[in-house]
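**Q** Residue 364 in UniProt numbering sits at position 364 of the sequence shown, and the numbers go up by one each step.
Think of the hints as simulated: they come from the structure by calculation, not from any bench.
There may be inaccurate statements among the hints.
Said to hold, decoys possible - Derived lysine-lysine pairs resembling DSS-like cross-links, with alpha carbons at most 27 Å apart:
1. K12 with K108
2. K108 with K6
3. K63 with K223
4. K6 with K63
5. K212 with K233
6. K233 with K219
7. K78 with K12
8. K120 with K219
9. K120 with K108
10. K62 with K7
11. K233 with K328
12. K223 with K108
13. K328 with K303
14. K62 with K6
15. K212 with K162
16. K220 with K324
17. K108 with K62
18. K15 with K62
19. K324 with K233
20. K63 with K78
21. K162 with K220
22. K303 with K233
23. K108 with K63
24. K120 with K78
25. K120 with K212
26. K212 with K223
27. K63 with K12
28. K162 with K78
29. K233 with K220
30. K219 with K324
31. K63 with K7
32. K62 with K12
33. K223 with K233
34. K6 with K78
35. K78 with K7
36. K63 with K120
37. K162 with K120
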Amino acid sequence: MDDFIKKLSEIKGNKISPDLIGSIITRYASIWLPELVADESSDRPAATSGNPPESVTLSWTKKRFIIESLVGILPPEKDSVPTDFLLRILRAANIVRVEPACLFELEKRVSRQLDQASLKELMIPSFSHTSSTLLDVDLVLRLVGNFVNTEEATRGGPAVGKVARLVDSYLAEAALDSCLALPEFVALAGALPRHARPIDDGLYRAIDTYLKAHPGLSKKERKTIWSLIDCNKLTQEACLHAAQNDRLPVRAVIQVLLWEQSRLANKHLDWSGTLSGPRSPAELPGRCLSNRETGVQQMEIKKLKEEVLRLQSQCMAMERQIEKLSEKKRGSFLSLKKLGISGFKGNRIAEMEQGTEINGIGPYLVKTKVRGRTPIRRKSMS
Numbered sequence: 001m002d003d004f005i006k007k008l009s010e011i012k013g014n015k016i017s018p019d020l021i022g023s024i025i026t027r028y029a030s031i032w033l034p035e036l037v038a039d040e041s042s043d044r045p046a047a048t049s050g051n052p053p054e055s056v057t058l059s060w061t062k063k064r065f066i067i068e069s070l071v072g073i074l075p076p077e078k079d080s081v082p083t084d085f086l087l088r089i090l091r092a093a094n095i096v097r098v099e100p101a102c103l104f105e106l107e108k109r110v111s112r113q114l115d116q117a118s119l120k121e122l123m124i125p126s127f128s129h130t131s132s133t134l135l136d137v138d139l140v141l142r143l144v145g146n147f148v149n150t151e152e153a154t155r156g157g158p159a160v161g162k163v164a165r166l167v168d169s170y171l172a173e174a175a176l177d178s179c180l181a182l183p184e185f186v187a188l189a190g191a192l193p194r195h196a197r198p199i200d201d202g203l204y205r206a207i208d209t210y211l212k213a214h215p216g217l218s219k220k221e222r223k224t225i226w227s228l229i230d231c232n233k234l235t236q237e238a239c240l241h242a243a244q245n246d247r248l249p250v251r252a253v254i255q256v257l258l259w260e261q262s263r264l265a266n267k268h269l270d271w272s273g274t275l276s277g278p279r280s281p282a283e284l285p286g287r288c289l290s291n292r293e294t295g296v297q298q299m300e301i302k303k304l305k306e307e308v309l310r311l312q313s314q315c316m317a318m319e320r321q322i323e324k325l326s327e328k329k330r331g332s333f334l335s336l337k338k339l340g341i342s343g344f345k346g347n348r349i350a351e352m353e354q355g356t357e358i359n360g361i362g363p364y365l366v367k368t369k370v371r372g373r374t375p376i377r378r379k380s381m382s
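Model the full structure from these sequences, guided by the hints.
**A** Following this line, the structure appears as structure tokens:
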């Protein structure tokens, strides 16, 4: 390894391009670290049968030394080494537990060119004993956070959109893990700024996958995860899927339906203006809609309106039912209190009024004894 570093230093002195130096380092690493090769094949010399096998500790020590040495001689220029190769080095570095400074340098280099990473290489398993997830979500969160702070991400552009699509695809895979906590999912999904996603279909797909894998989420948690979505950025196909998705909160479905209704209404107004308003020859559309197509659009708008009204009526009916139940419990408690029965709990009284079963025996009725009155005895006729 020392001879290789010495020769590489001589090559750098001859003003060789950083890409060529990066390819030399990649080739050397693929020989002595076979796990860094994508196709799992390398030209590493095979061990002779006469040599005893190395212990795990010795093997890890050698790999740790090679990785730390390679990271130290990487050219500082961006894109001089492929991003996927850096991710494979990062995976091996986490396995053999290299120094924190080496890990920090690797993560910084990967973050600078994260837009060139592939989903396969980004799915690094978690090697920490304290982590309960299969994938190292915290590592990806750090990479995305470092990328957001780079100059290229600040300027915006296609690189930010590529990273957003990569993160959404990663979230869809990580969401299948039942041990992935909601705060981790929300933190990674919200690590990118709002303008990074021109369309939220990929994020919606990841959220739907998470809801499928975690059916025990509370109503509040479902609202929290839905707050990541901007309905204005959902396509028509995603809106139609969300409108029929029973895993989403009711208010989210209503929100999607209202947005889709307004979008179709605006399109209908545009079509009406196109057909009725005077226009110059340069502004004429390429093809006018037929009566059948216009009728289909109007039927879709009508169905959406009916669906919104149905959901609104259901919500109002549920609210009225809840109010009636609360008023009934409150009134029963007050009436029993006037009769002198004030020592019972409110929920106990409600159970007694409704005829709750006790120990499997049928329902019973509460017989109250009115205080302050003398009992009426039946007079004997004999």
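**Q** If you test the structure against every hint from before, which numbers come out violated?
**A** 3, 8, 11, 12, 13, 18, 19, 21
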